[in-house]
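A.B. asks: Each chain is listed here by its residues.
2 protein chains.
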Amino acid sequence: MASRYDIVVVGAGIMGVASAYHLQKNNPGKRILVVERYGAAAQGNTGRSNALFRNTFTSSDNQVLANASIDFFQHLQETGVDVGLQKFGYLWMMDGDQLSRSGGFLKRMEANGVETRQYSKDELKRLLPGMVTDFGADEEAELMSLRPVEGAIFGPKCGALDPDKLVRFYAEEFVKGGGSFAYNTDVESLVVGPSKRLGIEGEPFAWQDYEIEGISIRGRPGVLQAETVVVAGGAWTNELLEPVGFEAHVKAKKRQLFSVQPTGPKLRSLVHAEGFSEMGVVPMVILPTAGAYFRPVRDEECLWVGCEDEVNRAFIDRPDHDIESYLPEKGYYERGILPIVASYFPEFREAVVKAMWAGLYAYNTIDNIPFAFRKRNLIVVGGDSGSGIMKGDSLGRVVDALYRDEEETSLHGGTRYRTSKLGFDRRDVEREEWVI
Amino acid sequence: MASRYDIVVVGAGIMGVASAYHLQKNNPGKRILVVERYGAAAQGNTGRSNALFRNTFTSSDNQVLANASIDFFQHLQETGVDVGLQKFGYLWMMDGDQLSRSGGFLKRMEANGVETRQYSKDELKRLLPGMVTDFGADEEAELMSLRPVEGAIFGPKCGALDPDKLVRFYAEEFVKGGGSFAYNTDVESLVVGPSKRLGIEGEPFAWQDYEIEGISIRGRPGVLQAETVVVAGGAWTNELLEPVGFEAHVKAKKRQLFSVQPTGPKLRSLVHAEGFSEMGVVPMVILPTAGAYFRPVRDEECLWVGCEDEVNRAFIDRPDHDIESYLPEKGYYERGILPIVASYFPEFREAVVKAMWAGLYAYNTIDNIPFAFRKRNLIVVGGDSGSGIMKGDSLGRVVDALYRDEEETSLHGGTRYRTSKLGFDRRDVEREEWVI
Numbered sequence: 044m045a046s047r048y049d050i051v052v053v054g055a056g057i058m059g060v061a062s063a064y065h066l067q068k069n070n071p072g073k074r075i076l077v078v079e080r081y082g083a084a085a086q087g088n089t090g091r092s093n094a095l096f097r098n099t100f101t102s103s104d105n106q107v108l109a110n111a112s113i114d115f116f117q118h119l120q121e122t123g124v125d126v127g128l129q130k131f132g133y134l135w136m137m138d139g140d141q142l143s144r145s146g147g148f149l150k151r152m153e154a155n156g157v158e159t160r161q162y163s164k165d166e167l168k169r170l171l172p173g174m175v176t177d178f179g180a181d182e183e184a185e186l187m188s189l190r191p192v193e194g195a196i197f198g199p200k201c202g203a204l205d206p207d208k209l210v211r212f213y214a215e216e217f218v219k220g221g222g223s224f225a226y227n228t229d230v231e232s233l234v235v236g237p238s239k240r241l242g243i244e245g246e247p248f249a250w251q252d253y254e255i256e257g258i259s260i261r262g263r264p265g266v267l268q269a270e271t272v273v274v275a276g277g278a279w280t281n282e283l284l285e286p287v288g289f290e291a292h293v294k295a296k297k298r299q300l301f302s303v304q305p306t307g308p309k310l311r312s313l314v315h316a317e318g319f320s321e322m323g324v325v326p327m328v329i330l331p332t333a334g335a336y337f338r339p340v341r342d343e344e345c346l347w348v349g350c351e352d353e354v355n356r357a358f359i360d361r362p363d364h365d366i367e368s369y370l371p372e373k374g375y376y377e378r379g380i381l382p383i384v385a386s387y388f389p390e391f392r393e394a395v396v397k398a399m400w401a402g403l404y405a406y407n408t409i410d411n412i413p414f415a416f417r418k419r420n421l422i423v424v425g426g427d428s429g430s431g432i433m434k435g436d437s438l439g440r441v442v443d444a445l446y447r448d449e450e451e452t453s454l455h456g457g458t459r460y461r462t463s464k465l466g467f468d469r470r471d472v473e474r475e476e477w478v479i
Numbered sequence: 044m045a046s047r048y049d050i051v052v053v054g055a056g057i058m059g060v061a062s063a064y065h066l067q068k069n070n071p072g073k074r075i076l077v078v079e080r081y082g083a084a085a086q087g088n089t090g091r092s093n094a095l096f097r098n099t100f101t102s103s104d105n106q107v108l109a110n111a112s113i114d115f116f117q118h119l120q121e122t123g124v125d126v127g128l129q130k131f132g133y134l135w136m137m138d139g140d141q142l143s144r145s146g147g148f149l150k151r152m153e154a155n156g157v158e159t160r161q162y163s164k165d166e167l168k169r170l171l172p173g174m175v176t177d178f179g180a181d182e183e184a185e186l187m188s189l190r191p192v193e194g195a196i197f198g199p200k201c202g203a204l205d206p207d208k209l210v211r212f213y214a215e216e217f218v219k220g221g222g223s224f225a226y227n228t229d230v231e232s233l234v235v236g237p238s239k240r241l242g243i244e245g246e247p248f249a250w251q252d253y254e255i256e257g258i259s260i261r262g263r264p265g266v267l268q269a270e271t272v273v274v275a276g277g278a279w280t281n282e283l284l285e286p287v288g289f290e291a292h293v294k295a296k297k298r299q300l301f302s303v304q305p306t307g308p309k310l311r312s313l314v315h316a317e318g319f320s321e322m323g324v325v326p327m328v329i330l331p332t333a334g335a336y337f338r339p340v341r342d343e344e345c346l347w348v349g350c351e352d353e354v355n356r357a358f359i360d361r362p363d364h365d366i367e368s369y370l371p372e373k374g375y376y377e378r379g380i381l382p383i384v385a386s387y388f389p390e391f392r393e394a395v396v397k398a399m400w401a402g403l404y405a406y407n408t409i410d411n412i413p414f415a416f417r418k419r420n421l422i423v424v425g426g427d428s429g430s431g432i433m434k435g436d437s438l439g440r441v442v443d444a445l446y447r448d449e450e451e452t453s454l455h456g457g458t459r460y461r462t463s464k465l466g467f468d469r470r471d472v473e474r475e476e477w478v479i
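These protein sequence lines map, in sequence, to chains A and B.
With our numbering applied, the first sequence corresponds to residues 44 to 479, in that order.
With our numbering applied, the second sequence corresponds to residues 44 to 479, in that order.
Don't take every hint at face value.
Note that the list lumps identical chains together, so a pair holds whenever it fits in one copy or between two copies.
What the hints assert, rightly or not - With a Cα cut of at most 16 Å, we get these calculated EDC-like pairs of lysine to aspartate or glutamate:
| hint | residue 1 | residue 2 |
| --- | --- | --- |
| 1 | K150 | D252 |
| 2 | K200 | D114 |
| 3 | K418 | D252 |
Hints were generated in silico from the structure; no laboratory data involved.
With these hints in hand, go ahead and build the complete structure from the sequences.
C.D. replies: Here's what the structure looks like:
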């Protein structure tokens with residue numbers, strides 16, 4: 044590690060490596076270092092992610108950012124870079140109310156080139172014969188807010204990828220281009236200094252112009268100096284920004300995944316539901332109740348089940364770094380999620396949990412849309428609210444555009460996106476309504 | 044203390060007591076309790092405040108909310124309730140740029156009935172003969188970003204009040220109306236429960252409808268039940284909301300005040316500067332650099348000096364409750380603030396610090412405008428960003444309107460204000476540009 048770099052990127056999750064890759068590519072000759080707490084890239088919440096992708100958002104910003112990123116990932120996959128892309132689609136189950144509200148959103152998606160198709164209740168019953176769509180006047184159903192399924196919206200350009208493979212691509216290309224990584228390097232703080240040093244103890248004072256001088260690293264004396272610092276710290280963004288008086292509106296929430304294996308023929312045939320995609324597996328299914336969902340993992344013949352619960356689920360300003368934030372709760376699956384999923388798909392009674400884990404979503408609590416902004420010589424990217432990997436390539440390009448002071452970001456495929464839209468000073472984004 | 048109330052208000056700062064007062068007044072027969080950690084009202088940041096008031100904001104929302112509150116405070120003062128109101132005015136010193144940018148803001152103020160007048164540089168020199176307005180090509184001045192004073196904007200309906208007296212008024216009237224206080228009562232947490240209890244351990248589950256059941260109090264078993272809970276926790280809002288997954292966009296920042304006494308005739312005559320208001324004292328003066336300011340305290344013949352510094356001043360998500368957050372830093376006055384103030388007013392070389400203290404601003408980090416919203420049976424008010432006392436009466440009325448589900452809040456004097464404007468779901472406020 045040198046003692047001074049042109050750009051230091053903090054964090055080797057998807058945001059950090061995608062930013063580093065695009066910065067390197069468009070600013071040849073600049074010395075760029077990515078520092079990462081763990082011993083490798085994608086060891087934090089990127090690696091714990093479901094790594095789903097979709098372009099079916101209600102917000103134009105999400106649509107555009109995700110769509111271009113997915114195209115890039117697909118381009119990688121098609122040109123021989125395996126990022127584990129699997130397009131099994133997203134199937135949003137809806138009741139009558141939800142269907143009628145979706146009309147406006149679907150039009151906007153069409154305008155932005157996002158393909159969708161609709162399924163009627165009858166078609167769904169044919170394709171998913173085990174599914175319960177009506178609960179009648181069932182008291183239990185009412186207590187559980189089980190909405191009847193009246194139809195579904197399907198997004199074919201949706202699915203999942205392998206976050207480790209994707210991050211490895213960015214990291215390797217970045218290193219090939221001359222960039223470097225410092226792993227096992229724990230950033231203690233951003234160091235603020237005066238723009239013009241006077242040599243008086245206590246600088247910078249209230250009346251002095253200031254900037255980020257660099258970062259201080261745990262166990263290493265002095266300041267690692269950087270002309271520009273990019274913070275891509277995910278759920279740990281506040282830990283760096285708050286102490287020096289910067290602000291990025293991130294709060295973390297624990298999210299859990301439960302990998303369940305079929306022990307009987309009915310659930311097994313649900314996994315292999317035909318008719319949705321060429322993959323011959325059930326799509327990612329979002330139920331109309333409480334944000335419960337499941338997705339297929341074809342190679343392991345299993346399903347991952349989750350639920351974006353709000354009830355009593357804490358917002359965390361500064362998550363710890365040890366196992367605490369990552370403890371899954373089996374009782375949450377058994378008493379929170381399974382009752383919902385098994386109400387719609389009774390075949391889940393044949394499911395056995397074989398693995399479970401937890402990670403942190405880094406919510407932008409204002410509008411659930413990612414942010415990327417520059418203040419002085421600091422660039423901050425994050426707040427992806429649980430859908431960051433699928434927009435990662437576009438966000439890396441926005442970071443590079445911020446660095447180069449470009450008014451417009453050119454996304455993969457040539458779409459232009461106004462760089463300032465994702466900042467807070469001139470923020471101009473559509474709030475997302477389809478949050479899982 | 045009973046075991047169940049119609050409304051429990053958490054916090055007896057200005058927001059809490061003003062809310063309690065208006066709730067009591069407009070909902071006779073409801074049993075209302077205010078719980079407060081300290082042994083009396085206004086012992087947190089309300090009592091540590093400068094308690095300034097102004098209607099000179101750039102944001103229409105701030106203008107309207109403050110203007111009506113000030114009218115109410117003035118009404119109190121005029122009808123024999125001493126709230127220590129002193130209208131010495133606000134004097135915003137500006138350079139040419141700032142003056143020309145203020146044109147649009149002044150028009151909006153006029154439209155909202157906010158009176159201002161402008162002073163030329165010559166008039167200012169006549170009224171404040173010691174003031175330095177130009178720094179020439181001084182290198183030091185450039186290093187310190189000292190902007191020349193080209194003129195000033197004066198707000199006559201601005202000044203200060205006594206926060207203890209104001210809070211006492213609300214508290215006493217609330218108690219007369221039948222409300223009660225529980226002092227020395229430390230709220231440990233909000234308690235979330237299912238809307239319909241099933242009697243299963245672990246409720247509420249992800250699929251259950253839920254609400255705030257009440258609050259749990261340190262050292263007291265069980266739940267203090269409330270049909271509605273109002274959180275008016277100021278800088279400590281996150282401590283209550285985050286653990287149960289609610290969110291209010293508050294971050295606290297330490298702010299300091301230095302009370303300085305004149306030791307010479309020049310500073311003494313600055314304190315008694317004539318020509319601005321009937322009070323015969325210098326107004327609150329805001330300098331064009333780094334948010335430095337001073338205000339008169341007539342009875343003590345002194346000035347309180349402060350500065351809303353941003354450099355390296357931490358945002359705090361969950362402040363501690365002991366002295367830590369309240370430690371003033373004398374070096375900050377000497378090396379941070381004094382160099383600015385004494386550049387414009389060399390008479391400050393005759394100032395001696397006789398007292399200093401610190402408190403916390405509860406910033407709404409999105410737009411610096413207060414919020415007030417209702418989610419289920421929880422109402423949250425705060426985020427006043429350092430200018431809460433002056434909008435306190437209006438905010439108390441908004442809380443009451445939220446409780447009564449009134450679309451419009453009737454402010455003092457009859458101005459109507461759309462209640463949902465201060466919420467986050469349909470937030471519709473103008474960002475404030477004149478932040479001190």
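A.B. asks: Now look at each hint and say whether the structure bears it out.
C.D. replies: Hint check results:
1. K150 <-> D252: neither (48 Å within a copy, 32 Å between copies)
2. K200 <-> D114: within (9 Å within a copy, 59 Å between copies)
3. K418 <-> D252: Within one copy only: 13 Å inside a chain, 42 Å across chains, cut-off 16 Å.
Going down the numbered hints, you'll see the structure goes against just number 1.
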